[in-house]
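**Student:** As a plain string of letters, each chain reads:
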Amino acid sequence: MTSLLWSFTAWCAFALAIERHHDQVFRHAPRRLPGRAWCALGTAALLAALAASVTTEGWPLGVLAWVGAAAVAGCAAALLLAWRPRHCLQAAACALLLGAVMAT
Amino acid sequence: MDPLHAWTGVLFGALLFAIFLMGTLAVFDREIDRWAQPHTRVAGARGATGAPLRLDTALPHLQALAPEKAAFWLIYPPSERVPTLRLSWPAELGRGVRDLDPATGAALPEQGAPVGTQLFYPFHYNLHLKWANLGEWIVGLAAMAMLVAIVSGVATHRRIFRDLLALRPGRSLQRTALDLHNLCGVVALPFHFVITLSGVVIFIAVYLQPAIGWLYDGQRAAYAKEVLSRYSRPPARQAATQPIVSLDALAERARSHWAAAGEPGEVQLVIVRNPRNAEAVVEVRRAYERRVGLEAGTVYFDAASGELLHAERLPTASRVQRFITGLHMVQFDHWTLRWLYFAMGLAGCVTIATGSIVWVRKRAERHARLGLAGAGWVEALNVAAIAGLPLATVGVLLLNALPTSWWAGNGDPLTASMSWFFGLWAGSLLHAVLLRRGGRHWFQQCAAVAALAAADVLASSLGSADAWSHPAALGVNLALLGVSAGAGHAAWRLRQRSAAGARAFAGAAAGSAG
Chain L
0 MTSLLWSFTA WCAFALAIER HHDQVFRHAP RRLPGRAWCA LGTAALLAAL AASVTTEGWP
60 LGVLAWVGAA AVAGCAAALL LAWRPRHCLQ AAACALLLGA VMAT
Chain E
0 MDPLHAWTGV LFGALLFAIF LMGTLAVFDR EIDRWAQPHT RVAGARGATG APLRLDTALP
60 HLQALAPEKA AFWLIYPPSE RVPTLRLSWP AELGRGVRDL DPATGAALPE QGAPVGTQLF
120 YPFHYNLHLK WANLGEWIVG LAAMAMLVAI VSGVATHRRI FRDLLALRPG RSLQRTALDL
180 HNLCGVVALP FHFVITLSGV VIFIAVYLQP AIGWLYDGQR AAYAKEVLSR YSRPPARQAA
240 TQPIVSLDAL AERARSHWAA AGEPGEVQLV IVRNPRNAEA VVEVRRAYER RVGLEAGTVY
300 FDAASGELLH AERLPTASRV QRFITGLHMV QFDHWTLRWL YFAMGLAGCV TIATGSIVWV
360 RKRAERHARL GLAGAGWVEA LNVAAIAGLP LATVGVLLLN ALPTSWWAGN GDPLTASMSW
420 FFGLWAGSLL HAVLLRRGGR HWFQQCAAVA ALAAADVLAS SLGSADAWSH PAALGVNLAL
480 LGVSAGAGHA AWRLRQRSAA GARAFAGAAA GSAG
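Taken in sequence, the protein lines are chains L and E. In terms of numbering that gives the first Met the number 0, the first sequence has 83 at position 84, counting the first letter as 1, and numbering is strictly consecutive. In terms of numbering that gives the first Met the number 0, the second sequence has 323 at position 324, counting the first letter as 1, and numbering is strictly consecutive.
Each hint should be verified, as a subset may be incorrect.
A partial selection of chain E residues facing chain L, derived with a Cβ cut-off under 8 Å [claimed, not checked]:
#, residue
1, Leu166
2, Pro168
3, Arg170
4, Leu172
5, Leu182
It should be emphasised that the hints constitute simulated quantities derived from the structure, not laboratory data. Built from N, CA and C at the ideal position, the CB exists for glycine as well.
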């Protein structure tokens with residue numbers, strides 16, 4: 000579950016690095032540096048999701064679960080951006096915190 | 000790269016959709032069997048006394064049920080997903096199957112067919128074309144095409160990462176379909192690549208048949224012995240003079256062997272090879288439990304004396320192949336991952352279907368301007384593949400939820416299910432071809448899928464008391480409701496679009512007349 004939540008955070012962060020979605024959420028395009036920061040946050044969240052998954056399930060099953068969780072989280076992020084783009088930032092933050100609570 | 004991606008999709012799209020859809024269903028093949036065969040929804044894997052059911056109970060049933068010349072008998076002890084003691088043997092069409100009550104050891108009355116494990120799952124990897132492994136070759140070719148489509152797709156869709164999470168449901172169907180194609184294609188890209196590549200690796204022995212024949216002088220048994228660590232011996236001229244030793248005793252010795260090797264486990268399958276022959280061999284295979292790799296640690300015993308003949312020790316290359324195979328076949332006990340495989344399989348179906356739809360719609364518009372009819376034929380094929388196959392699937396499930404005598408007569412339910420399945424699919428193709436000019440084929444077939452899926456749930460609810468309490472039946476019923484809702488929504492959108500098209504056409508005609 001932690002892996003799924005952090006993967007969702009990662010996809011939201013990647014989306015905010017993209018001009019179209021940044022504009023949907025903040026009403027303006029991302030500047031160069033924040034764009035890279037969102038990418039870095041997304042990558043970190045995705046790696047944290049992998050670590051959480053491997054810690055819980057072990058190597059082979061953990062990696063498989065991470066790939067699956069990332070795919071499902073990606074679809075969830077796309078649905079959120081399609082219907083409720085303004086809630087993207089709050090949803091990503093909630094998922095990050097909830098994932099951290101579940102991991103501990 | 001663009002034409003490569005497009006034409007690979009056009010030529011193999013329908014076949015790939017069928018393979019992906021059946022593979023997705025195969026993730027829950029045993030649960031589909033439970034749904035179609037309510038009599039197998041028995042509780043508990045232990046006998047009436049609380050002790051595990053004896054495997055020896057199976058032998059008199061197999062003696063009576065399996066043909067005299069059956070090359071093997073399969074005995075599956077009760078497990079979480081298949082709670083009965085399941086017996087199987089080679090039959091004219093696939094395999095004969097009979098379930099025993101795990102509490103009493105009595106044969107359960109037959110109702111419905113094991114469509115999940117015997118119809119959908121084999122269709123996924125051999126299309127039920129068994130002659131000269133033709134089905135495996137065709138599926139392998141399609142898998143190679145899928146790999147080409149995946150790699151060329153990343154190069155073709157230049158905005159693939161910029162439009163990665165773009166989903167515009169309010170826009171045209173064409174735009175929404177392309178967004179779905181990009182989204183499902185990218186988020187599940189690693190899964191699709193691994194599942195397709197592993198699909199090719201599974202049948203490596205089929206695809207390398209000529210090389211294996213050349214290397215081992217046509218001695219397939221020598222290859223199986225060296226590469227797969229299998230044991231076999233030719234049947235003797237005389238029939239067995241001694242009865243088969245206790246299978247339960249052999250299973251216990253196999254458990255001890257696995258525990259001593261540091262890999263303890265329960266028995267998943269017992270195979271008796273050449274069961275009525277003096278050289279009969281008993282194979283005992285271990286359950287995979289939470290192991291990804293399909294290493295069963297098979298132990299071989301002489302059926303008459305119980306002497307240990309051989310214990311499987313796979314070479315490293317074969318262990319890698321079995322691991323990759325395990326990645327594909329999801330035989331490990333992990334319900335979350337099973338659902339994730341199912342979701343990603345569906346994502347694959349959506350990617351293939353939307354890709355085909357977008358391509359054909361573009362061509363249809365161009366062909367309509369030029370007065371050509373080719374796109375109509377391709378679209379009819381698309382309808383039969385994308386809507387017709389689910390139609391045949393929910394149709395055959397509906398039959399299995401009805402009393403067997405209504406649709407199979409006195410015949411074998413599995414054979415009848417196959418005939419109905421392919422008949423319905425052919426009917427869908429015929430319907431799509433006949434309506435190829437009107438464009439109503441999509442709407443009508445989607446509406447039929449929605450109605451049949453809802454009828455499946457209704458028939459299941461009326462036909463069995465535990466349709467909403469047994470986990471497998473509940474899961475399949477909920478999935479069918481989802482299919483019904485999804486197909487119904489698609490039919491409604493298609494109806495709206497055709498009505499809007501007709502209004503626009505009427506408006507334009509009135510304008511030009513005025």
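**Student:** Decide, hint by hint, whether the structure agrees.
**Tutor:** Checked hints:
no. : hint   : result
1   : Leu166 : holds, 4 Å
2   : Pro168 : holds, 6 Å
3   : Arg170 : violated, 11 Å
4   : Leu172 : violated, 15 Å
5   : Leu182 : holds, 5 Å
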